[in-house]
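Trainee: If you want the building blocks of each chain, they are given just below.
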Amino acid sequence: MILVPTHVPEAFVSMYLPSIYAALIVGFIATMAIASKRREIHILILTDVVGFAMIMVVAAVGTDLAEALILPGLVVELAEIMAISEILLSREMHKIEANPHKKLKKSDSLLPMPFDFDLEIMHTSPNFIALLLIAYGIFLTGFTGGAVAGAGLIIYILSRKARGLPAITIAGLGGVSGISWCLWIIGFALLFLVPGYWLIGLLLAACGLLLKVASKIGLIGAIMKEDIDRE
Amino acid sequence: MIDVQLFFYFGIFLTIIGSLATAWGPGVNDPVVRVFNAEVASIGVSIILLSYNHVLALLTLVAASIIMSLILFRAIIRLEEMGADV
Chain A
573 MILVPTHVPE AFVSMYLPSI YAALIVGFIA TMAIASKRRE IHILILTDVV
623 GFAMIMVVAA VGTDLAEALI LPGLVVELAE IMAISEILLS REMHKIEANP
673 HKKLKKSDSL LPMPFDFDLE IMHTSPNFIA LLLIAYGIFL TGFTGGAVAG
723 AGLIIYILSR KARGLPAITI AGLGGVSGIS WCLWIIGFAL LFLVPGYWLI
773 GLLLAACGLL LKVASKIGLI GAIMKEDIDR E
Chain B
1233 MIDVQLFFYF GIFLTIIGSL ATAWGPGVND PVVRVFNAEV ASIGVSIILL
1283 SYNHVLALLT LVAASIIMSL ILFRAIIRLE EMGADV
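Residue numbers (our numbering), protein chains in the order written: chain A, 573 to 803; chain B, 1233 to 1318.
Derived by calculation from the structure, the hints in this document are not laboratory data.
Treat the hints with caution; some may be incorrect.
To be verified - According to the in silico footprint, chain A covers these stretches of chain B (three or more CB under 8 Å from chain A):
1. 1254-1266
2. 1298-1306
To be verified - Across the chosen pairs, the derived CB separations fall in these ranges:
3. Ala670(A) <-> Val1287(B): 48 to 54 Å
4. Ile751(A) <-> Val1264(B): 38 to 44 Å
5. Ala651(A) <-> Leu1282(B): 24 to 30 Å
6. Asp1235(B) <-> Ala707(A): 27 to 33 Å
7. Tyr708(A) <-> Val1287(B): 17 to 23 Å
8. Ile1299(B) <-> Ser662(A): 35 to 41 Å
To be verified - Listing some non-contacts, in silico: residues in chain A with all C-beta distances to chain B over 10 Å:
9. His579
10. Phe624
11. Ile701
12. Ile727
13. Trp756
14. Ile757
15. Ile758
16. Val766
17. Gly768
As the structure is a prediction and not an experimental result, all values here were calculated from the model.
Beta carbons are placed, not taken as given, at the ideal position from N, Cα and C, and that holds for glycine.
Work out the full structure, taking the sequences as your base and the hints as a guide.
Mentor: This is the structure in structure tokens:
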């Protein structure tokens, strides 16, 4: 027997089983392919497909809560792929450095051409645009606000001459991330423990999510900046 | 009027075909081809989310899959320039 809440539309209920079976098939195909591969970068790409199966299982429920649960799933998957690709790169680098017959070239970057044009607008406008975007993001709060504020951070980092990123900045962004998780958890717990204070719980969770997403997107901008600065 | 179910089953079809192509499709020994095939599966999941009316999840999936493919391309390019076995 399957317990279905009354507010789930009839169409979504009939779509539940096909979606679950399709997700199982996709997950099976991807894990079989992972099991038969030896090279790590291929396994990393196939992990992406396993993530799609996970999203389909969550989406099959069809409620608003399921939609809300897809967002952190996607963000966690993104962070995981970022971290594993960095680990993979540094491991290969160590392997090649240990081999005396191979020379490690220094010129590796995302862009095929050096990216060093110097426009007037890159010196004058970023302060204003970044401030505007961050202020609007703080006004929006929540996931969307985090994305808008993060876009402001990316514009600032990409166009200013912030070459490299000191270790203290990365540690600071990690600290902000931790504080924002605490805010989010406290807000979420308040919703259940003292439902009368739902507004402050909601605001705490929204501000936590804002800080979290903005700092994540800012980190992605820092990585891209390192790539672009290399000549 | 086109039925929503049609979109839903088309999304499932695209996702399964895309994951099959990512796993054993033509030319997947090149990691770049594999990333492109994974994009087909991501479009299928987008259509499924669209038929469920999950707008926010759909927008996040589109943004996240773009960033994911950028990260994967960066990793592939760096590995190839290092001369690693990809």
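Trainee: List, from low to high, the hint numbers that the structure doesn't satisfy.
Mentor: 6, 8 and 10
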